[in-house]
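K.L.:
Using the sequences and the hints, build the whole thing.
Okay, here's what each chain looks like letter by letter:
Protein chains: 2
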Amino acid sequence: MCAAEALVEIHRGPFLESQHMGHAVICDSTGGIIEAWGDPETIVLPRSSAKMIQALPLVMSGAAQAYGIGPDRLALACASHQGAPLHVQAVNTWLADLGLGDGDLICGTEASRDKELRFQMIRDGETPCRVHNNCSGKHSGFLTLTKHLGAGANYVDPSHPVQVSVRDAFEDVTQMESPGFGIDGCSAPNFATTMHGMARAMAFFASAGQRNDAMSNAAGQLVEAMMAFPELVAGETRACTHLMRAAQEPLAIKTGAEGYFVAILPKRGIGISLKIADGATRASNCAIAAILVRLGVLDAANPEVKRFLNPPVKNWDGLVTGEIRPVAGLTGAA
Amino acid sequence: MCAAEALVEIHRGPFLESQHMGHAVICDSTGGIIEAWGDPETIVLPRSSAKMIQALPLVMSGAAQAYGIGPDRLALACASHQGAPLHVQAVNTWLADLGLGDGDLICGTEASRDKELRFQMIRDGETPCRVHNNCSGKHSGFLTLTKHLGAGANYVDPSHPVQVSVRDAFEDVTQMESPGFGIDGCSAPNFATTMHGMARAMAFFASAGQRNDAMSNAAGQLVEAMMAFPELVAGETRACTHLMRAAQEPLAIKTGAEGYFVAILPKRGIGISLKIADGATRASNCAIAAILVRLGVLDAANPEVKRFLNPPVKNWDGLVTGEIRPVAGLTGAA
Chain A
1 MCAAEALVEI HRGPFLESQH MGHAVICDST GGIIEAWGDP ETIVLPRSSA KMIQALPLVM
61 SGAAQAYGIG PDRLALACAS HQGAPLHVQA VNTWLADLGL GDGDLICGTE ASRDKELRFQ
121 MIRDGETPCR VHNNCSGKHS GFLTLTKHLG AGANYVDPSH PVQVSVRDAF EDVTQMESPG
181 FGIDGCSAPN FATTMHGMAR AMAFFASAGQ RNDAMSNAAG QLVEAMMAFP ELVAGETRAC
241 THLMRAAQEP LAIKTGAEGY FVAILPKRGI GISLKIADGA TRASNCAIAA ILVRLGVLDA
301 ANPEVKRFLN PPVKNWDGLV TGEIRPVAGL TGAA
Chain B
1 MCAAEALVEI HRGPFLESQH MGHAVICDST GGIIEAWGDP ETIVLPRSSA KMIQALPLVM
61 SGAAQAYGIG PDRLALACAS HQGAPLHVQA VNTWLADLGL GDGDLICGTE ASRDKELRFQ
121 MIRDGETPCR VHNNCSGKHS GFLTLTKHLG AGANYVDPSH PVQVSVRDAF EDVTQMESPG
181 FGIDGCSAPN FATTMHGMAR AMAFFASAGQ RNDAMSNAAG QLVEAMMAFP ELVAGETRAC
241 THLMRAAQEP LAIKTGAEGY FVAILPKRGI GISLKIADGA TRASNCAIAA ILVRLGVLDA
301 ANPEVKRFLN PPVKNWDGLV TGEIRPVAGL TGAA
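From first to last, the protein sequence lines stand for chains A and B. Reading the first sequence from the start, the letters are residues 1 to 334 in our numbering. Reading the second sequence from the start, the letters are residues 1 to 334 in our numbering.
One or more hints might be untrue.
Any copy, or any two copies together, can satisfy a pair, since identical chains are not distinguished.
Stated by the list, open to error - In silico SDA-like cross-links for lysine to any residue, where the CA-CA straight-line distance does not exceed 20 Å:
(1) K115 / G152
(2) K267 / P250
(3) K115 / P128
(4) K115 / T127
(5) K314 / P158
(6) K306 / V320
(7) K267 / A3
(8) K314 / I183
(9) K314 / P128
(10) K314 / T281
(11) K314 / G108
I should point out that these hints are in silico values taken from the structure, not numbers from a laboratory. Please read all numbers here as calculations on a predicted model, not as lab measurements.
P.N.:
Structure, rendered in structure tokens:
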């Protein structure tokens, strides 16, 4: 952590008010580091940025094919969605097709992050369901695999066949033994790796089309699904959705709690792992946008990019009082 | 900012997941530094941690006395309140006593942070008012002074007599020229100083009882008001309120946006200035509690202290998945 370096600044008037440190690694498909900030050997929990890895066993096991899981549901399995009506309906239908319901999810309840739905539920006296949890798509994927395997109901137990297969896949794509796990916001184990390990994993996904083994084929399907359904991976106003739509070449990206972000560049076989050391999402959004501008994948002049790269800080009265911006040089702009 | 040092850690399972850097200065009434972390010369915007300074002209001008502003309203003038019914009613009454109303506040609207009231307003189809803004007490103080001076309505303009007097007071207690200001969340100017300057200011408040000049008398009244009404300074569940109640000796503390916190120890004539470099409140709450434990003002074993010093990190299902904790040694515990 101590070797983290400054990546994002918060300005207010003429002053640098706050600053976010972090680590980032850009890696090619051979595992080589193309560029890095901070310490590539820092141990990290990639949180929801690991969801496409956690979805690998769903595809590799044959469960996705057996249950007719199309690319929309694969995108949801990789998603931290808004709990907007779009997402809630899709997950409910998926669960119903499995003969299951909200009570079978083990992700806990979370209020919808879609303001209109959240307010409507408050007005209607409804309390949030598990399906509204941003991880309910990932958990529907876990439930599909559980059913396919005929395994027990407690699919978040680290010794459950689903999580054992997730760990195996995680260690395969990170190309290292995981030093352990923490329990995630949705109660599933979240396996640890290094910044470099996570970048290698993303480069594995990015280069999947260059290979023809079962894991690469599964990875390729998941990347295609994320890119085909950016609105399912996160939702309106969210960085994942807007930046994937704004990309000038094929791009899959995924945020994670505590300042994580990853990117997959299939055309180049390149993966990116980013962690803001203090865990701030405002900074991980800005820094991933900056690095993608640096690589020429995003255009800094695109308004959809600017809203994450250089968002204004506004006050309660709507006045612009400051700006979030990447440190000088991070975008690579002159 | 670069000289900030690690103050607070976020642990998940066996892993250090995130880390907050910061600056802190403990200062005596002569302006001498007793102890410091990070860089005492860092320029900072103390945000709402400066509210008791911004209230000095209200008292020194005679406006508070002329308008019968008691210690409850002085506490509100120094507050970042919850917008709970308690606060909303008190501010509305204050405004009515001035012959003014919600529309005279220039702080912008903010949804109440009191969940029950916020949900009730959504159910009733009501939109947030300016009085619900956490700064509405400070602004009521500004309006009182404006009326007393017979000045213009735009009391947040940096050249308005109210803000000129705030700047004068700010430079007096920080004992340095302010390098400028940023516009705060509530549209008032927020004057910059150094970490050391802000600690000197807090030591001025802490030692006010040792002197008998007009500014010291005003400072003493404000500190007494904050300590007498901790529930008005913030509200239930907030660090300011709970830690002031838990203090083992007289103590006034005040949070500010972007990871600020200050403390005033009247018995010792000591002031504390704290800034988390990345702006995180979870870290400023923890670090100020830790430093106050270090000084023997708070008891680390007190549950009301532990909820900010060592709060568990819980997930959507209510499971404890980690812990926020100060870095080893910060509390001074063996």
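K.L.:
For every hint, state whether the structure bears it out.
P.N.:
Outcome of the hint check:
Proximity of K115 and G152 under a CA criterion of 20 Å is satisfied in neither setting, with 36 Å inside one chain copy and 38 Å between copies. Taking the shortest Cα distances, K267 and P250 sit within 20 Å of each other inside one copy (7 Å), while across copies they are farther apart (64 Å). Both within a single protomer and between protomers do K115 and P128 lie at most 20 Å apart by alpha-carbon distance, with minima of 13 Å and 15 Å respectively. In this assembly of identical chains, K115 and T127 lie within 20 Å of each other by CA distance both inside one copy and across copies; the values are 14 Å within and 14 Å between.
For the identical chains of this complex, K314 and P158 are inter-copy neighbours only, at 18 Å across copies versus 43 Å inside a copy, given an alpha-carbon limit of 20 Å. Proximity of K306 and V320 under a CA criterion of 20 Å is satisfied intra-copy only: 15 Å inside one chain copy versus 37 Å between copies. For the identical chains of this complex, K267 and A3 are neighbours neither inside a copy (31 Å) nor across copies (40 Å), given an alpha-carbon limit of 20 Å. Taking CA atoms no more than 20 Å apart as the test, K314 paired with I183 passes between copies only; the shortest distance there is 10 Å, against 35 Å inside one copy.
Taking CA atoms no more than 20 Å apart as the test, K314 paired with P128 passes between copies only; the shortest distance there is 17 Å, against 29 Å inside one copy. In this assembly of identical chains, the alpha carbons of K314 and T281 lie at most 20 Å apart whether taken from the same copy (17 Å) or from different copies (18 Å). In this homomeric assembly, K314 and G108 come within 20 Å of each other (Cα to Cα) only across copies, at 11 Å, whereas the closest approach inside a single copy is 33 Å.
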